[in-house]
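K.L.:
Spelled out from the first residue to the last, the chains are:
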Amino acid sequence: MSIFEYNGSALVAMVGKNCFAIASDRRLGVQLQTIATDFQRIFKIHDKLFLGLSGLGSDAQTLHQRLVFRHKLYQLREERDMKPETFASLVSAMLYEKRFGPYFVQPVIAGLGEDDKPFICTMDSIGAKELAKDFVVAGTASESLYGACESMFKPDMDHEELFETISQALVSSIDRDCLSGWGGHVYIVTPTEVTERILKGRMD
Amino acid sequence: MSRRYDSRTTIFSPEGRLYQVEYAMEAIGNAGSAIGILSKDGVVLVGEKKVTSKLLQTSTSTEKMYKIDDHIACAVAGIMSDANILINTARVQAQRYTFSYQEPMPVEQLVQSLCDTKQGYTQFGGLRPFGVSFLFAGWDKNYGFQLYMSDPSGNYGGWKAAAIGANNQAAQSMLKQDYKDDISREEAVQLALKVLSKTMDSTSLTSDKLELAEVFLSSSGKVKYEVCTPDALSKLLVKYGVTQPPAEA
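Chains D and H supply the protein sequences, listed in that same order. Residues 451 to 654, numbered by the working numbering, are exactly what the first sequence covers, in order. Residues 24 to 272, numbered by the working numbering, are exactly what the second sequence covers, in order.
Bear in mind the hints are in silico, worked out from the structure with no lab data behind them. Check the hints yourself; a few may be wrong.
Sample of chain D residues facing chain H (criterion: CB under 8 Å; computed from the structure) [unchecked claim]:
{"hint": "1", "residue": "515"}
{"hint": "2", "residue": "516"}
{"hint": "3", "residue": "519"}
{"hint": "4", "residue": "522"}
{"hint": "5", "residue": "526"}
Using 35 Å as the maximum straight-line C-alpha spacing, the simulated DSBU-like pairs for lysine-lysine come out as follows [claimed, not checked]:
{"hint": "6", "chain 1": "H", "residue 1": "247", "chain 2": "D", "residue 2": "533"}
{"hint": "7", "chain 1": "D", "residue 1": "522", "chain 2": "H", "residue 2": "72"}
{"hint": "8", "chain 1": "H", "residue 1": "90", "chain 2": "D", "residue 2": "567"}
{"hint": "9", "chain 1": "D", "residue 1": "467", "chain 2": "H", "residue 2": "247"}
{"hint": "10", "chain 1": "H", "residue 1": "164", "chain 2": "D", "residue 2": "533"}
{"hint": "11", "chain 1": "D", "residue 1": "494", "chain 2": "H", "residue 2": "247"}
{"hint": "12", "chain 1": "D", "residue 1": "522", "chain 2": "H", "residue 2": "164"}
{"hint": "13", "chain 1": "H", "residue 1": "73", "chain 2": "D", "residue 2": "522"}
{"hint": "14", "chain 1": "H", "residue 1": "77", "chain 2": "D", "residue 2": "533"}
{"hint": "15", "chain 1": "D", "residue 1": "522", "chain 2": "H", "residue 2": "183"}
{"hint": "16", "chain 1": "D", "residue 1": "533", "chain 2": "H", "residue 2": "245"}
{"hint": "17", "chain 1": "D", "residue 1": "494", "chain 2": "H", "residue 2": "63"}
{"hint": "18", "chain 1": "D", "residue 1": "522", "chain 2": "H", "residue 2": "77"}
{"hint": "19", "chain 1": "D", "residue 1": "467", "chain 2": "H", "residue 2": "245"}
{"hint": "20", "chain 1": "D", "residue 1": "522", "chain 2": "H", "residue 2": "245"}
{"hint": "21", "chain 1": "D", "residue 1": "533", "chain 2": "H", "residue 2": "90"}
{"hint": "22", "chain 1": "H", "residue 1": "90", "chain 2": "D", "residue 2": "522"}
{"hint": "23", "chain 1": "H", "residue 1": "90", "chain 2": "H", "residue 2": "63"}
{"hint": "24", "chain 1": "H", "residue 1": "247", "chain 2": "D", "residue 2": "522"}
{"hint": "25", "chain 1": "H", "residue 1": "90", "chain 2": "D", "residue 2": "548"}
{"hint": "26", "chain 1": "D", "residue 1": "650", "chain 2": "H", "residue 2": "245"}
{"hint": "27", "chain 1": "H", "residue 1": "90", "chain 2": "D", "residue 2": "579"}
{"hint": "28", "chain 1": "D", "residue 1": "494", "chain 2": "H", "residue 2": "245"}
{"hint": "29", "chain 1": "H", "residue 1": "90", "chain 2": "H", "residue 2": "183"}
{"hint": "30", "chain 1": "D", "residue 1": "522", "chain 2": "H", "residue 2": "258"}
{"hint": "31", "chain 1": "D", "residue 1": "494", "chain 2": "H", "residue 2": "164"}
{"hint": "32", "chain 1": "H", "residue 1": "90", "chain 2": "D", "residue 2": "494"}
{"hint": "33", "chain 1": "D", "residue 1": "522", "chain 2": "H", "residue 2": "63"}
{"hint": "34", "chain 1": "H", "residue 1": "245", "chain 2": "D", "residue 2": "567"}
{"hint": "35", "chain 1": "H", "residue 1": "90", "chain 2": "H", "residue 2": "203"}
{"hint": "36", "chain 1": "D", "residue 1": "494", "chain 2": "D", "residue 2": "579"}
{"hint": "37", "chain 1": "H", "residue 1": "72", "chain 2": "D", "residue 2": "533"}
{"hint": "38", "chain 1": "D", "residue 1": "567", "chain 2": "H", "residue 2": "247"}
Where is the CB? At the ideal position from N, CA and C, for every residue including glycine.
Using the sequences and the hints, build the whole thing.
P.N.:
Have a look at this one:
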């Protein structure tokens, strides 16, 4: 079994009209055994920037801790929050530093940039960035997620419709993947507020 | 006679003094003063801005007060360029601790760590000491609110009220007279502004000559470090009677 499939994960981020959504599953497994059903894969970096890390759980946690370190110092020195594009470059650089002994993660970055314009991107485990205008997916359920998002997505959805769409795409894809599941965690971010919701799906 | 022992930081004089360290403290004695007061619900830091020219580009950055981490801040007195290096070092040390232990660095640990760095420059390397004194204000879950003062030798102490920079002796004795153990944060602000107004060279205080910052717990229980805005500071100066109010037309 591939190291990327050891813990199981599903991540998706979508762009809406002046808002974005980022969602993940909640299962943490050790191959076929489920050991946690409330595992956090999405981390808030600041009010308008979220990071999701799929893949090996340990690497996801460690990489997140290292990014908090770097971002806190950036905030203290520059006296402002990091823009999402800048953060994505930082993550990419940190991943490439470990080119010959990489972190086994696939990050999904979602944020509101200059003028609150939504920004999403994903990258592979050694930092190759992929910017998208509509949606990005990662994790063991990524193939199903691609299919679900491609058919359900439409541009310029408002935050309520975006929530429905991303939730349906996530739940239907993780139901088809044995390694991800046990509900969903969805964050909807607009320029004025952040809403966090837990989804109840097939608890298996 | 002491001339022979001046040039190297790393030798003692026959009387057992480290002249370079003492000269560093002299440099600080000429710099803008700063006062810190510990109250039961917060720590207050006030600083005198030495660089006040109309030509100076005003930005949101502060001159005397710096945030080290979410729960620790400091006021500086002395050579600003030396201070910048140490503040950066302190910030990195705080983040390294948080990375390893996944919790905020206790205030005394940070002060100790920074003072260990300062001490290194008095014992080896042949480099001169840093010409900066600090007042650290912070909160941690072990000891609550704390105030520490550190100097170029790497010595530090925990204080209820302390002053560094120009006229610090005078400020310290005034604080000793007026400080009460159960002082509130508001009273501490008042005391700090009063003491600073008496020890500063200028005749009347205006908000562009001062900086005021407080470390306290917000209503949600999180530690907050807030620098007072110039407008709010002007109002406080008038309220406590340490400035001339604008002349009525």
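K.L.:
Decide, hint by hint, whether the structure agrees.
P.N.:
Consistency of the hints with the structure:
For residue 515 of chain D, the interface hint holds, the least distance from its beta-carbon to any beta-carbon of chain H being 6 Å, beneath 8 Å. The interface hint given for residue 516 of chain D holds, since its Cβ lies 7 Å from the closest Cβ of chain H, which is under the 8 Å cut-off. Of the supplied interface hints, the one on residue 519 of chain D holds, with its beta-carbon coming within about 5 Å of a beta-carbon of chain H, less than 8 Å. With a least beta-carbon distance of about 6 Å to chain H, the hint placing residue 522 of chain D at the interface is held under the 8 Å criterion.
Taken as an interface hint, residue 526 of chain D checks out: its beta carbon lies about 5 Å from the nearest beta carbon of chain H, inside 8 Å. At most 35 Å may separate the alpha-carbon atoms for a hinted pair to count; residue 247 of chain H and residue 533 of chain D meet this at roughly 23 Å. At most 35 Å may separate the alpha-carbon atoms for a hinted pair to count; residue 522 of chain D and residue 72 of chain H meet this at roughly 27 Å. In summary, the hint linking residue 90 of chain H to residue 567 of chain D is supported, as the alpha carbons are separated by about 30 Å, within the 35 Å threshold.
For the suggested pair residue 467 of chain D and residue 247 of chain H, the alpha carbons sit about 34 Å apart, so the restraint of at most 35 Å is met. Restraint check for residue 164 of chain H and residue 533 of chain D: satisfied, since their Cα atoms lie roughly 32 Å apart, inside the 35 Å limit. For the suggested pair residue 494 of chain D and residue 247 of chain H, the alpha carbons sit about 19 Å apart, so the restraint of at most 35 Å is met. For the hint pairing residue 522 of chain D with residue 164 of chain H, the CA-to-CA distance comes to about 21 Å; that is within 35 Å, so the pair holds.
Restraint check for residue 73 of chain H and residue 522 of chain D: satisfied, since their Cα atoms lie roughly 29 Å apart, inside the 35 Å limit. Distance restraint check for residue 77 of chain H and residue 533 of chain D: the Cα-Cα separation of roughly 33 Å lies within the 35 Å cut-off, and the hinted pair is therefore satisfied. As the CA atoms of residue 522 of chain D and residue 183 of chain H are separated by approximately 29 Å, the hinted pair is consistent with the 35 Å bound. Straight-line distance between C-alpha atoms of residue 533 of chain D and residue 245 of chain H comes to about 25 Å, which keeps the hinted pair within the 35 Å bound.
Restraint check for residue 494 of chain D and residue 63 of chain H: the C-alpha separation of about 33 Å stays at or below 35 Å, so the hint holds. Using a Cα cut-off of 35 Å, the hinted pair residue 522 of chain D and residue 77 of chain H holds, with the two alpha carbons roughly 33 Å apart. For the hint pairing residue 467 of chain D with residue 245 of chain H, the CA-to-CA distance comes to about 33 Å; that is within 35 Å, so the pair holds. Of the supplied pair hints, the one linking residue 522 of chain D and residue 245 of chain H holds, its CA atoms being roughly 17 Å apart against a limit of 35 Å.
Of the pairs offered as hints, the one joining residue 533 of chain D and residue 90 of chain H holds, with about 21 Å between alpha carbons and a cut-off of 35 Å not exceeded. Proposed proximity of residue 90 of chain H and residue 522 of chain D is supported: the alpha carbons are some 11 Å apart, at most 35 Å. The hinted pair formed by residue 90 of chain H and residue 63 of chain H meets the criterion: a straight-line CA distance of about 21 Å does not exceed 35 Å. This hinted pair checks out: residue 247 of chain H and residue 522 of chain D have alpha carbons roughly 15 Å apart, not beyond 35 Å.
With a CA separation close to 32 Å, the supplied pair residue 90 of chain H and residue 548 of chain D stays within the 35 Å bound. For the suggested pair residue 650 of chain D and residue 245 of chain H, the alpha carbons sit about 32 Å apart, so the restraint of at most 35 Å is met. Only pairs whose Cα atoms come within 35 Å are accepted, and residue 90 of chain H paired with residue 579 of chain D is accepted, the gap being roughly 33 Å. Simply put, residue 494 of chain D and residue 245 of chain H have alpha-carbon atoms about 17 Å apart, close enough for the 35 Å limit, and the pair holds.
With a CA separation close to 20 Å, the supplied pair residue 90 of chain H and residue 183 of chain H stays within the 35 Å bound. The hinted pair formed by residue 522 of chain D and residue 258 of chain H meets the criterion: a straight-line CA distance of about 33 Å does not exceed 35 Å. The straight-line distance between the Cα atoms of residue 494 of chain D and residue 164 of chain H is roughly 24 Å, inside the 35 Å bound, and the hint therefore holds. Under the criterion of a C-alpha separation no larger than 35 Å, the hint pairing residue 90 of chain H with residue 494 of chain D is consistent with the structure, at around 21 Å.
As the CA atoms of residue 522 of chain D and residue 63 of chain H are separated by approximately 28 Å, the hinted pair is consistent with the 35 Å bound. A C-alpha spacing of about 30 Å is found between residue 245 of chain H and residue 567 of chain D, which places the hinted pair at or below 35 Å, so the restraint holds. Our distance criterion of 35 Å between C-alpha atoms is met by residue 90 of chain H and residue 203 of chain H, whose separation comes to about 27 Å. With a C-alpha separation of about 20 Å, the suggested pair residue 494 of chain D and residue 579 of chain D falls inside the 35 Å cut-off, and the hint holds.
Among the hinted pairs, residue 72 of chain H with residue 533 of chain D is consistent with the structure: their alpha-carbon atoms are about 32 Å apart, no more than 35 Å. Taking the CA atoms of residue 567 of chain D and residue 247 of chain H, the gap is about 30 Å. The hint holds against a cut of 35 Å.
Every hint, counting from the list given before, is met by this structure.
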